[in-house]
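Whole structure, please, built from the sequences with the hints as guidance.
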Amino acid sequence: MSITERYRLAQMVHTDGPVIKVSNLKKGFGTRVVLDDLSVELSRGESMVVLGRSGSGKSVFIKCIIGLLKPDAGSIHVLGQDLAALDHDQTDQLRSHIGFLFQSNALYDSMTIRENLEFPMRRHRNTLVREQLDEHIIKTLTNVGLAHTADMMPAELSGGMQKRIALARALVLNPEIILYDEPTSGLDPITSKEISSLMTGIQEQYNTSSIIISHDMSCVKRTADRIMVLLGGKCYAMGTWAELARSNDDNIKQFFE
Amino acid sequence: MTRFIGRYLRELVNPRYEVRAFIHQCYTIGYSSLALIGTTGFIMGLVLTMQLRPSLIAYGVVSQLPVMVSLAIVREIGPVISALIFAGKISSSIGAELGSMRVTEQIDAMEVSGTNPFKFLVVSRVLAATLMLPLLTILSDAIALYGSYLGVNIKGHTSLQLFFSDVFDALHYGDVMPALIKTFFFGAAVGLIGCYKGYNSSKGTAGVGLAANSAVVASSLAIFIIDLLAVQITDLLGLN
Ligand SMILES: Nc1ncnc2c1ncn2[C@@H]1O[C@H](COP(=O)(O)OP(=O)(O)O)[C@@H](O)[C@H]1O
Ligand SMILES: [Mg+2]
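Residue numbers (my numbering), protein chains in the order written: chain A, 1 to 257; chain B, 1001 to 1240.
Be aware that a few hints might be false.
[What the hints assert, rightly or not] Quick list of simulated restraints, FRET-style, between CB atoms:
1. A:I138 - B:T1002: 40 to 48 Å
2. B:F1184 - A:K70: 52 to 60 Å
3. A:I190 - B:R1007: 17 to 25 Å
4. A:I138 - B:F1184: 30 to 38 Å
5. A:D188 - B:T1205: 22 to 30 Å
6. A:A147 - B:F1184: 41 to 49 Å
7. A:D72 - B:V1217: 32 to 40 Å
8. A:S54 - B:A1035: 46 to 54 Å
9. A:S54 - B:V1217: 32 to 40 Å
10. B:T1002 - A:D72: 43 to 51 Å
By construction, these hints were calculated from the structure, which means they are not laboratory data.
In this text, a Cβ means the ideal position worked out from N, Cα and C, and glycines have one as well.
In structure tokens, the structure reads:
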């Protein structure tokens, strides 16, 4: 059994029911309410796309799930654990089961690609020796087709390659849940198709659950099991691609045109 | 800002130290300002000597030149000039670096990756700045005194040995210690203000520029305020 598999088994948190359960979530900044009474669940192995206009609070939603933002009200359970009840170390532990792909990639620009991928491991896999670490990192990079870039700096790579590295970094701890914030925005159609296939490939290979924020309808169509339309801080509509695509509601139709 | 300082002190004593990040910062912060602070120190020593000389001749005490210059350098000019240069160089680069890390979500990414970004980024930088500035100041003082020695020799004549024995006769514990102690506070102020501005930088590239700029302004001002407080305190303690 490879190290990857061994860690994967060791880290599996066994829960029945949804991997993410958001109930009556409220979040605002100052007087502006961004999320207002949002409730949604994500099952194991499911990919859910969040559609919504720019500024509708999609990023705020997934930042609440990873605990970067604290909800004003409501509760969030991830892998059966209530985020509000966790201390610092427990939060870190839980986060190691979640991969997060930032909209801006958020690669550490003062570190090499290898160091970028090592960063999440220095805390959570600090028992690994040098060779195991290297082996794992190269394997993860190979997954996104960029093993040769290990010793380059992020600034030397194209936008699409940076996105793939960011994806590799999100995957390096073999998370059970992946949160994607606009994974294909700003990329050309061919590269964005490559990223979408990578995402579906990962989903099939590891049976991960994911929440995907995207405006790119070809990516949505390829990756979504279910689609949520976020409007006015609430879940305005929820359904499969087929269900929503034939809707007559203007607020939904505009995304599918 | 008060809360930021409080958090710094709390995280400073909190275990799980980021030793490697700290050492890396010591190297970056210390090394990058070395040449600049050394050069300005040399020039200050030389210029001060040449400027004081005519007045001392007028009073007939030109033999006191090494004493005057060394007191001025060690007590005030060395620490303050080094700190101001340090502020211009380090505070702005910390402000810009952390500001751009904030804007590009790198700080969020660290937090998500199980690393405490405050500890990794802020504590290591502030601590490094606090410890490096005193070292740089000592070095700058030494180079300034050497500059002064050359200044004395342009028109007069003295041996290096004689010059420095005059200098060390003139300098007392009460001249050196308060000056050295205040440089720790200067260093901490530069590090804290740079980190504060960068860490809390607002979104957008304009925020990064603003963070760098206001870090330099605020830390330069802080240096003079600390200097003012330091002189009052040494006065009260009777060390002057
Ligand atoms: N840290 C923050 N502080 C203040 N306002 C914020 C913050 N993050 C997001 N917002 C506001 O919340 C709203 C939703 O933002 P966001 O979730 O990023 O939108 P999007 O759906 O485009 O991802 C925006 O109006 C934004 O200005
Ligand atoms: Mg967004």
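Hints and how they fare:
1. Distance hint check: the CB atoms of I138 of chain A and T1002 of chain B are about 47 Å apart, consistent with the given range 40 to 48 Å.
2. Here the CB-CB span from F1184 of chain B to K70 of chain A is close to 36 Å, at odds with the stated 52 to 60 Å.
3. Between I190 of chain A and R1007 of chain B the C-beta distance comes to about 46 Å, which lies outside the given range of 17 to 25 Å.
4. Take I138 of chain A and F1184 of chain B: their Cβ atoms lie about 45 Å apart, and the range 30 to 38 Å is violated.
5. Between D188 of chain A and T1205 of chain B the beta carbons are some 24 Å apart, a value that agrees with the proposed interval 22 to 30 Å.
6. For the hinted restraint 41 to 49 Å between A147 of chain A and F1184 of chain B, the CB-CB distance of approximately 47 Å keeps it satisfied.
7. For the pair D72 of chain A and V1217 of chain B, the beta carbons lie near 35 Å from each other, so the given range of 32 to 40 Å is met.
8. Taking the beta carbon of each, S54 of chain A and A1035 of chain B are about 47 Å apart, inside 46 to 54 Å as hinted.
9. At roughly 35 Å, the beta carbons of S54 of chain A and V1217 of chain B sit within the given window of 32 to 40 Å.
10. About 25 Å separates the C-beta atoms of T1002 of chain B and D72 of chain A, a value inconsistent with the hinted range of 43 to 51 Å.
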